[in-house]
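For this one, chain A is given, so just place chain B with the ligands on it according to the hints.
Listed in order, the protein sequences are those of chains A and B.
Note that my numbering has the first sequence beginning at 1281, numbered continuously upward.
Note that my numbering has the second sequence beginning at 175, numbered continuously upward.
In short, the hints are calculated from the structure, not lab data.
Please note: incorrect hints may appear among the correct ones.
Said to hold, decoys possible - Residues on chain A that point at chain B, a partial pick, calculated with CB under 10 Å:
no.	residue
1	Cys-1308
2	Gly-1324
3	Gly-1362
4	Arg-1407
5	Thr-1408
6	Lys-1426
7	Phe-1427
All of these numbers come straight from a predicted model, not from anything done at the bench.
No residue lacks a Cβ here, since even glycine has one placed at the ideal position from N, Cα and C.
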Amino acid sequence: MRQGKQNGERRSFGRKGQLPDYMTENICEDLIRLEDMVKIYDTGVLKVLGLKRINLTIHRGEFVAIMGQSGSGKSTLMNILGCLDRPTIGHYYLDGVDVAAMNPDQLSLIRNRKIGFVFQSFNLISRTSALKNVELPMTYARKSKKFREERARVLLERVGLGKRADHMPNELSGGQRQRVAIARALANEPPLLLADEPTGNLDTAASVEIMELFSQLHKEGTTVVVVTHEEEIAAFTERIIRFRDGQIVSDCPNVPRECGEERKTDASVKAEAAQKGDEALC
Amino acid sequence: MLIENMKMAFSAIQASKMRSFLTMLGIIIGIGSVISIVSIGDTMRGLFADLYGKIGITQAYVAIGYWVDERRQSDYFNLEEMERIKEIFGDEITYMDCDSQTSADASCARTTVKFNFTGIDYNYNEVQPINLIYGRFLNEGDVLGRRKNVVMDTVSAVNLFGEENAVGKSFRTTIYGTTDEYTVVGVYQKDMDPFEAMMMGANTEGGEAFLPYTILTWPNDMIYDLRFFCRSEETMDELCANIKNYVARIKDRRPEEIQLITARDQMGQWNGMLGGVSTAVGGIAAISLLVGGIGIMNIMLVSVTERTREIGIRKSLGARTRDILVQFLTESALLSACGGILGTLLGGGLVMAGGLLMGIPTVVRPGVVMLAVGFSALVGVFFGMYPASKAAKKDPIEALRYE
Ligand SMILES: Nc1ncnc2c1ncn2[C@@H]1O[C@H](COP(=O)(O)OP(=O)(O)O)[C@@H](O)[C@H]1O
Ligand SMILES: [Mg+2]
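Only chain A is shown next, with the shape it has when bound in the complex:
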């Protein structure tokens, strides 16, 4: 157990109070490794090819943007990376462990400890306070009540919502809701943070705040993967992977926009895009 035993771990999984092997075994430099991964949606009437033979490695500590048009397979990829869905063919190694072989409860444990997922539509539980929402992953990790509450407050403070802990989701703005969702995603200190169009429902100012938060988390060592179709959002990251029709069409490093940097002009964005286009060709 890496960060486990300390505060408030009450009930544990498996024997002798240990997490199962696949949770503790190796800390891999390649946090994510996809090998010839294919996802086919079987709708009954016809089969839709969601992803075609993806090979992809994301290292520990990277800050990656996934870009592409609507329907290009970004969400499909994120759902698989987030262990919400499984590949149809091929392998997904998360921290060196093949996720395809896991049963639903094992996947739940992995999602609980290793992954923080941020959705476009926030996905907070309604009629449940911000604090309780943030506590949830810790509840499922069987942390003590005292520990949960303290940590949830720290996390809400962290995302700038210290004073809103007892607010219900419907009393918060979109940006605030998304920050609660991020605080929740961070609850069990997961090494991997996945965000599927986290700024899709937000205005520009709120979007920038969210991305600055991700940059901050990335600097502290979390691996962050963000899906977006906005160049401005992608500009915050260090690596941009572009998708089209379920395939990776380009995968280039990016010089991240500094926090607090002035907003780019249209021209500079276009220039940057053109430059990336070149990179994609090479």
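Then chain B with the ligands, alone, in the frame of chain A:
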């Protein structure tokens, strides 16, 4: 985690109060009727116990069975036989008389009242509660001397003489064809609760009086049955068996031909009947619990569908199959238990209100209440099982996509 689940379940129930209430209705009615039936039964049992406690649980009657076909002259007891039995069984019998009663018109001046006369021995007030308020009770001299003295209750005294304190007053009546003057030596107060009045018959118009049993047997001396009180409840079975055998021997009958009824047996019969009624109505109540349970299952299925997205979110955050299962089971159990509590309040409240209205002390046993609430929670768990497992089995990605 359990507390967490309880809180979640509470807020889910509170979120739609009206719906939750309607869902609980079946359970409320089911548990309400169970509680009221059981409580009414318990109350009745308590009342019977009180009643028989007052008239004496050890009271018994012995006679030749009414089912015996050819009756003989010797089947009747006479006073010597009665005295003999008293002698033989000695201390074991605390009181014995010949259970003699007759009714006759009693008149004083221009008033005539129909009276029921009961023949008793002088120590009757030692085995029966008689609250004498004027004069004295019948004494040994009255009995042995066949004196025409009577003791009556206040109501009879008022009916006949127009006043309660009738000590020293006399009236005329005809018993077994002989008209005589009788004198009141004592007046007692009958205190009966409404249940006793109902079971024993309250005397409002007529009259009732005790007189020496020696008057009521004389001169016939043909006694159908003997009434006696046993020394204690523990020894009464043995005593009754012995008396039965003794009577069979002196009357040249087989023991099966002797009828011996005790107050305790009678009470047991009442209790048995009450138990039968309780079981039957309990069965009907169980059906309403079943219907209530199905109602809960139905609404939980709706709730699970409505909250598909929530289930998806919880799973995405690491909830395992069991976590979701327990969450929904807790909710249905709590829903059902709340129904049980409301039903208990309803049933218990109705019984208590009814008791107050009728002036009868009611019994609502805490054990029964706990059992009812516990059982309703169990109903919730049972009928919540299917919806909860449906919720728990949902695929996270499908659930998240649900609109
Ligand atoms: N549950 C599903 N059933 C069938 N087809 C699906 C399902 N989810 C996604 N798809 C298909 O897979 C492709 C990729 O979708 P998606 O990953 O959601 O794209 P993006 O997130 O990039 O907009 C689309 O063609 C879409 O129609
Ligand atoms: Mg998408």
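Interface hint compliance - Gly-1362/A to chain B, C-beta minimum distance less than 10 Å:
Holds, because the Cβ-Cβ distance from Gly-1362/A to chain B comes to roughly 7 Å (cut-off 10 Å).
Restraint check, 10 Å cut-off on beta carbons, for Thr-1408/A near chain B
Thr-1408/A check passes; min Cβ-Cβ to chain B is 8 Å, inside 10 Å.
Would the stated hint for Cys-1308/A survive a check requiring a Cβ distance to chain B of less than 10 Å?
Because about 21 Å separates Cys-1308/A from the closest Cβ in chain B, which is outside the 10 Å limit, the hint is violated.
Go through the hint on Arg-1407/A and say holds or violated, using the shortest Cβ distance to chain B against 10 Å.
Arg-1407/A check passes; min Cβ-Cβ to chain B is 6 Å, inside 10 Å.
Restraint outcome when Gly-1324/A is required to lie within 10 Å of chain B by C-beta distance
This hint is violated: Gly-1324/A lies away from chain B, its Cβ roughly 14 Å from the closest one there, beyond 10 Å.
Proposed interface contact between Lys-1426/A and chain B, which counts if any beta carbon pair is under 10 Å:
violated (13 Å)
Against chain B, is Phe-1427/A within 10 Å by beta-carbon distance?
violated (13 Å)
Hint check: violations occur at hints 1, 2, 6, 7; the rest are consistent with the structure.
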